[in-house]
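The lines below spell out each chain.
Number of protein chains: 2
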Amino acid sequence: MKKIINHPERVVTEMLEGLVAAYPNQLKLIDGRAVVTRKNVPVANKVGIISGGGSGHEPAHAGYVGQGMLDAAVAGEVFTSPTPDQILEAIKAVDSGKGVFMVVKNYTGDVMNFDMAAELAEMEGIQVDKVVVNDDVAVEDSTFTTGRRGIAGTILVHKIAGAKAEMGATLADVKAVAEKVVKNVRSMGMAISPCTPPAVGKPSFTLGENEMEIGLGIHGEPGTERKPLATADEIATELTDHIFKDMPLSSGDEVAVMINGLGATPEMELFIVNRKVNQILKEKGIGVYETFVGNFMTSLEMAGCSVTLLKLDDELKDLLAAHANTPAFKK
Amino acid sequence: MKKIINHPERVVTEMLEGLVAAYPNQLKLIDGRAVVTRKNVPVANKVGIISGGGSGHEPAHAGYVGQGMLDAAVAGEVFTSPTPDQILEAIKAVDSGKGVFMVVKNYTGDVMNFDMAAELAEMEGIQVDKVVVNDDVAVEDSTFTTGRRGIAGTILVHKIAGAKAEMGATLADVKAVAEKVVKNVRSMGMAISPCTPPAVGKPSFTLGENEMEIGLGIHGEPGTERKPLATADEIATELTDHIFKDMPLSSGDEVAVMINGLGATPEMELFIVNRKVNQILKEKGIGVYETFVGNFMTSLEMAGCSVTLLKLDDELKDLLAAHANTPAFKK
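So the sequence lines, in the order shown, correspond to chains A and S.
Numbered by this note's numbering, the letters in the first sequence go through residues 12 to 342 in order.
Numbered by this note's numbering, the letters in the second sequence go through residues 12 to 342 in order.
Because the hints were derived from the structure by calculation, they are not lab data.
Any given hint could be a false lead.
It does not matter which identical chain is used: a pair holds within one copy or between any two.
Stated by the list, open to error - Using 25 Å as the maximum straight-line C-alpha spacing, the simulated SDA-like pairs for lysine to any residue come out as follows: (1) LYS39 x HIS253; (2) LYS238 x LEU131; (3) LYS141 x THR248; (4) LYS13 x LYS238; (5) LYS13 x LEU218.
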């Protein structure tokens, strides 16, 4: 295992310390809890927005803490759900009295622990609600999930729910718009090489020198098909085809596009994929309102990418365009 | 060679098409020349700022085209200098009559071709000047360079020269501040795995399972020392020590810090490095004005990182803080 780390057991703590050291005026770390919040929380008269999950998906989620997105992010160990205690800590830190909204990726452990934390918070008189993001069209159930997995589309839920909360919306209104995003966002990914969780010390799966896996999850969970490495254009076509099958789009529809790198994919390759996705959408008469290309939801040093399409209406467009200032996402 | 591409010969063109497709309102591509400019160039009454070099270092340089940074970027083939013709095209596209300033990384081919383009432009009556960035303290001469190499510190030259030009400064004033940055910026990198240029098809060098190379260049040029993989803290210490030896800093000095990933390094590891760099600076009483952590100047899918320190004065701080809106860098 080749990694630039000090000790496999300390990667999460040290990463968060390094993050907060980089943004001392914007972020703070709740000692010993692996919870990163905005410097000044709770934000008065605003629904608090939190997210989180296992680490190893950086910049998700602590990189999205800041104005216009999250109030706090809770980091579990690598590929491991955070505990209810940690999540409760985050909920309490960000509640201004207006309630707290949780953006949860659909993994069994995450959903269970966020729900448990919400129950504990409610016992302390804090109003809590949530959305479960399940944008991955690859497989119905997986190693870690009942139902579809939540992957890169989650960042667009952060952005839009965060913008809504920033405008002073109620908890119910934040939930309504977050559910609208979940209803209209779909993703699908693929990988050409695995990642190595630091505490495990060996790759999470193996792929032959000329193999790729389509539909792979962000923890290396199996996908739909393992086959010979195709061209970027063929990969872009296959991923978008899967999305279209699940969420038909018509000429005149408008979408936001996210081409997400899984950690070790050169930006060059992501832009080559975007080129084809853009061509495919144009040929179908689908308008591209905005495109995001980069590492948004990674899987340590996995090489591969995912494509996300979010079908937009005027409300979602306005919220997507709203100001945001976080380490990993600025508007 | 495992890459998400269509054809090794088309990677640069298709990447730039994919980039411009992602930012159609901000960028445009000069057909067949691999030159990316702002959508509306020349910007009236502003010194035009251009940069460029071999491809494979994305987001450098086309990702830095936009308000507050570059007016155009010229892309050579992977790890290959752009031609004087291409560079001339960029100069002509961005000249508003106030002259054009070139930010050139110190590689023999780049310097020669940018100089040749400048001469051609001057024959057409365009005033051109340049700065050569040589921030890498690792080695004095290298495979591709006489004198020190230009690496990630180049991005800070883009930022600061770009901000100065945006304020309406003259060509001479832009040059003066760019030279001040070059005088005060130092970088040093290391790698734990090589990259594979698409047209070559095999890794540019090999490293043993437990080896790292200190001082490696962004094209895989040899560094100062190959040795057993150390901890993140040891690596951070060694890189900053090399920088301090070359540019002594004193208690009370203020710096900007850039922790740059070479392409395949998980963000987790970059933040762990930043944690230690930040501690080292604090112990020395050196103030950290701002920190940048991410993939700014990469080497395809090389794994490794570089540390850059820029010693600041009030002018540099103001220019660093000024508004910028480019695909890869926003303020």
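Would you list, in rising numerical order, the hints stated earlier that this structure does not obey? 1, 2 and 3
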